[in-house]
Amino acid sequence: MKLKELAAALGLELRGDGELEIAAAVPIEAAAPGTISFVSAPRYLAMLERVAPSCLIVPAELAAAVHCAALISANPVLDFARALGLLHPPQRPAPGIDSTAQIASDAQIGPQASIGAFVVIGAGVRIGARAVIHPHATIYANVSIGDDFVCHSHVSIRENVVIGDRVVLHNGAVIGSEGFGFVEVGQGLVKVPQVGNVVLESDVEIGANTTIDRATVGSTYIRRGVKLDNIIHIGHNCDIGAYSRFAALTGIAGSTKIGEWCEFGGQTGVADHVTIGNRVRVAAQSGIPGSIAGDNITISGAPAIELRRWRRQMAAYVRLPELVQRIRALERKVGLTGRGRGSED
Amino acid sequence: MKLKELAAALGLELRGDGELEIAAAVPIEAAAPGTISFVSAPRYLAMLERVAPSCLIVPAELAAAVHCAALISANPVLDFARALGLLHPPQRPAPGIDSTAQIASDAQIGPQASIGAFVVIGAGVRIGARAVIHPHATIYANVSIGDDFVCHSHVSIRENVVIGDRVVLHNGAVIGSEGFGFVEVGQGLVKVPQVGNVVLESDVEIGANTTIDRATVGSTYIRRGVKLDNIIHIGHNCDIGAYSRFAALTGIAGSTKIGEWCEFGGQTGVADHVTIGNRVRVAAQSGIPGSIAGDNITISGAPAIELRRWRRQMAAYVRLPELVQRIRALERKVGLTGRGRGSED
Amino acid sequence: MKLKELAAALGLELRGDGELEIAAAVPIEAAAPGTISFVSAPRYLAMLERVAPSCLIVPAELAAAVHCAALISANPVLDFARALGLLHPPQRPAPGIDSTAQIASDAQIGPQASIGAFVVIGAGVRIGARAVIHPHATIYANVSIGDDFVCHSHVSIRENVVIGDRVVLHNGAVIGSEGFGFVEVGQGLVKVPQVGNVVLESDVEIGANTTIDRATVGSTYIRRGVKLDNIIHIGHNCDIGAYSRFAALTGIAGSTKIGEWCEFGGQTGVADHVTIGNRVRVAAQSGIPGSIAGDNITISGAPAIELRRWRRQMAAYVRLPELVQRIRALERKVGLTGRGRGSED
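Chains as they are written, first to last, in this note's numbering: chain A, 663 to 1007; chain B, 663 to 1007; chain C, 663 to 1007.
Calculated from the structure, these hints are not laboratory results.
Heads up, a few of these hints could be off.
When chains are identical, the list treats them as one kind, so a pair holds in a single copy or across two.
Stated by the list, open to error - Pairs of lysine to any residue residues, derived as SDA-like cross-links and limited to a Cα-Cα distance of at most 20 Å, are as follows:
no., residue 1, residue 2
1, 853, 671
2, 853, 686
3, 853, 863
4, 853, 923
5, 666, 976
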């Protein structure tokens, strides 16, 4: 693609030679002739001493500092993502239903669907237009799915799940598995039937091998635009607010309600029946045992507390051995030893 | 279902109009005319100002406090679970073996089995009566399974696994994968062959995408009635005691032995070659580096300690920044500063 | 197998009766007539009072202490692993391609492959000699795989993945899923296209239900001889150094580079864009928020620090309640109370 064509497609101002051929979009470390990359802040300019891209996507204030062609952008990360999509368009399988797919006679599949080998689609399923369903996906009975669905191999969608438009499910994800509920009775455990479902609203994306349990009764909700990374567990009856994003290996216990636009680091855990507000950022490996009041805050630790307080706590924590010595020095100074000093030590 | 029929089926005393039609069992927040719900303790009675169920399952002492029909129960949670099962009976696929299933010629399948599309059953496998095996399950050779088996899509059962009666495996679970054992030799790593198996005793339920490694030699045991949530890892040669329950994302390293009726919170980790007693409750995100003596205790933290001690520790931990200030004040008071005070600070 | 045959196959010196029949290799707890086991250190000799193996693999200095036949070994663990492999040889399915497998017409499969039921192999895939691919594996387009590949059921290999020789993928593993990258734009989230791939070098082994994301641009590298346990997440653009081993439920965020011969305990987390050296050992449940300087060290904790320092910190941490009491005793002794003592307490 010529650089001038890319500039036009992105709607960005071009400074430099529009006839340059651009073959790939690459991160700045890999920039070379024939590639386009981006610089979003002055601290990355030093990289340019070692690499020679044909073009960089830069904010206007950095344009003078680069020695190659430039596309002027108010949001270089976003425009680089768009350039990636233009230079490396996704491979969509051709429409058609593989002859090995097992589709219930009463299932309704919208136009232009691409359905791969060994896909199983149960009774009463309805799927909108342009679905791409890769091999070995299993869709149980009475599932309802919107338009532009993308479903990768080995996904399981359990009965009665409801899915909006433009939802993407990555390999091995499980949507609508039975929640974990047992009652101890005498010599055994009785299972609480899990008769609800899962609702994935539009623009949701679910990572590989992530599991979302259906509600005991009612629905587990994953709201519009939520993005879940790989190997995440969402318990029964949770409600995950719109556009929230969770990193890998995070677990949310049952009946917890999380606000919109939250961002959770990896391996975070949240207890059951907890409520968390909007735009709450949670550091990786945090543990949240109870509800968090307040929106637009950052928390960390286990139990998670406000980030600034957590930093003060950690600063004291790493000095603990020193504090013990200081307490000992104080005790020596004032003549406090043995039992009199207040402890069994 | 009429309320009088439900009362009879549950064997509970009915107070109120037995002719009421009950369409669904719901949690108290969603209670409405035509539904049944439950109240197990006085603190939930306040909910009744906002909702109007047709009937509530309540302990005798709360019956007078509710203004709708009531079923009197010694265990409202259990009887609600039973009502759920009666009002929303599980959909069992009709018996029959899908024509696409690949079943080894010497495999033995008990009567009334329902086997879905693309199921693979290897040589020498024996399965008891009334199995329900959903699409895409793979059962390797020489697996032995009892009666009333339920196996969801994309489950893998590796060779020589032994499974009891009434076992349920959720989507994507892996039973009998090879354990993680390597010996460092010169310039590489030599794998320790994993030649044992996994034994799942009767009434075990395994969550979605959970993995259970087979023993290096001998068996990994999951004892009667154990319930594992989603995305749990059980290492080779573990022995998980009867009726123990683990929440999601928990990991148990190899050769660890856990007692009966334990309850582990989510994201808990246990080291290898550890022994834990009976009825040990473990708080979420705990880490257990060594054996835990004693039954019927509750532990928390990493390393996990007895809950009461952990609470005292956490109470001091959250006050750490304050303790630093108090130490400084003491040092000023007694004239201890610089090197003399016992540390590098 | 006669003991003299086993000794010859292992190349070890035999002391005792070479005519003994050895049926199984077992751990020392299960040793019995007809079995071989091993003892690697004097502390395990006490076990021999309770068990009676036919033969033990022992270091020369322990040979006199055992009362059965012995094989003299400089590395009893390794030679026991080798004996396991000889006495319990892995079952390799017979070569042949199942009639139900769906293989693209232009895919190239090397000689002596064994390909199971319902396997899907996409366009442009190349696979070397002697591959064993179990049922329900899905290999997307343009994947390249070396010789002696072993792939278990329900594995997904996404487009353009490159795999070396002697690689083993366990059940449900996902190689090359799309990385987790989104840019917040106005009222929504825009996905950063993930156009790179994953490279698994030779002798890599990947555990059940583990997921490895492909690079945004370029490659995610899993270097020669790396061993990943079950349910691990590797983010996009990571580079995991040769022969490193990670235990289950570990997560590595994007663009992190880890050295060679590292060993990570279970449930460990590493932040994005971090660099870690060679032969770094990490205790289970550690959290690594930033780069770790230095090779051949052991770290622990969250944030992870050098093990000796961590131990001193933990020793102080568990004494926190006592330290609070000692501070109180000091305050009483010097007459510091209320506001004057430096805190809000």
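- Indices of hints not satisfied (ascending): Hint 5 alone not satisfied by this model.
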